[in-house]
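Undergrad: Chains A and B, in that order, give the protein sequences.
Numbering follows the numbering used here, with no gaps: position 74 of the first sequence is 74.
Numbering follows the numbering used here, with no gaps: position 214 of the second sequence is 214.
Calculated from the structure, these hints are not laboratory results.
Since we're looking at a predicted model, the values are computed, not measured.
Beta carbons are placed, not taken as given, at the ideal position from N, Cα and C, and that holds for glycine.
Please note that a few of the clues may not be correct.
Output of the computed footprint for chain B on chain A, the stretches with three or more beta carbons under 8 angstroms from beta carbons of chain B [said to hold, decoys possible]:
(1) 36-46
(2) 61-71
Some, not all, of what chain B presents toward chain A, calculated at C-beta under 8 angstroms [claimed, not checked]:
(3) 81
(4) 84
(5) 175
(6) 176
(7) 185
(8) 186
(9) 187
(10) 189
(11) 190
(12) 197
(13) 201
(14) 205
(15) 208
(16) 212
(17) 218
Restraint-style ranges between C-beta atoms, simulated for each label pair [what the hints assert, rightly or not]:
(18) B/186 - A/35: 58 to 68 angstroms
(19) A/7 - B/135: 48 to 58 angstroms
(20) B/216 - A/47: 41 to 51 angstroms
(21) B/49 - A/78: 34 to 44 angstroms
(22) B/97 - A/11: 41 to 51 angstroms
(23) B/69 - A/69: 30 to 40 angstroms
Each chain, letter by letter, is given below.
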Amino acid sequence: MSNGGAAAIRDGLERSRWTVVELWRATLGISGTLTTQDVAELASGQRPSTGYEHDILASALNDHLTDAGRGHPVPYWRDLPPD
Amino acid sequence: MAESPLTESLAALSRFFVGDGTVHDTLHRVSDLTVEAVPAADLTGITMLVEGRPRTAIFTDEMAPEIDQAQYDAGDGPCLRAFREQRVTQIESTREPGEWPEFRAAAAAHGIGSTLSFPLMLEKAAVGAMNLYSFEERAFGDRDRENGELFAAQAAIVLSNAQAYWDAHDLSRGLSEAMRSRAVIEQAKGILMAPGGIDEDQAFEMLTRASQRENIKLRDVARRIVVGAVGRDGATPNGDEASIQGS
């Protein structure tokens with residue numbers, strides 16, 4: 001993920017005050033099939049994500065932040081700047 | 001033959017089933033048993049990280065957190081030293097000058113004469129510190145240090161088991177909720193894919209677009225689609241579905 005996707009996910013984690021495990025659990029609730037290791041690697045930028053993987057993480061974070069009245073601050077893949 | 005306070009406290013600790021109470025309950029029980037294990041202690045507190053900062057999470061008397069606040073404010077003190085450096089730390093007299101003057105002054109102002117702090121060790125890492133306070137100066141002797149160390153070692157295991165038990169409990173509950181929410185999203189994706197022309201990833205993207213546009217949760221978008229599809233009798237998409245497909 002070279003277009004800021006990992007940074008966006010990390011920012012979302014910070015805003016939500018979630019751990020990687022909490023984010024992973026939320027992705028399961030929205031049809032994700034990532035493992036905790038996947039989530040850790042994608043959030044740290046250790047490996048690039050596909051658009052779908054990024055959107056699963058962004059959605060899980062945005063759903064949580066929407067509950068807290070903070071809208072959709074984590075950009076989806078389509079909203080990230082091009083490489 | 002009567003058992004010693006330490007033996008009785010250790011036995012009580014070993015009988016404690018972590019699933020009978022929350023982590024908070026377990027900490028309270030450990031805190032109470034600590035005073036029984038080391039009778040020279042008049043009150044006790046347990047320092048742990050709360051939201052990344054050391055706090056006196058559990059105590060047997062309101063005085064303990066008030067006294068400890070002096071060391072948290074100063075960034076150093078006997079409990080923090082025990083926690084960070086993983087070693088037993090003692091103040092023989094709070095009324096005599098020495099290290100941590102702020103803590104000594106706060107303790108003395110509350111009538112505390114001496115303190116003894118033990119790291120709560122799990123394998124090679126400290127998970128907190130157990131702090132004993134006495135109204136007497138030089139209240140804690142070698143035997144108290146030995147007993148306290150023995151008790152702290154057992155207490156750390158109980159606390160860690162309680163944390164693991166409740167983490168697993170919370171995870172299991174969270175997973176049940178996740179599975180319920182997942183079903184409706186899978187169903188909505190299926191409904192969007194049914195007319196043909198889009199794959200699963202594209203169906204998911206359509207859901208995220210609607211969720212973002214309307215500033216609502218993904219599963220609420222999905223639920224609307226499912227309810228709409230179940231409620232209609234023809235093949236024409238309902239309003240929600242059509243608006244998502246057109247987005």
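Undergrad: Checking each numbered hint in turn, tell me which of them this model violates, lowest number first.
TA: 1, 3, 4, 6, 9, 11, 12, 18 and 20
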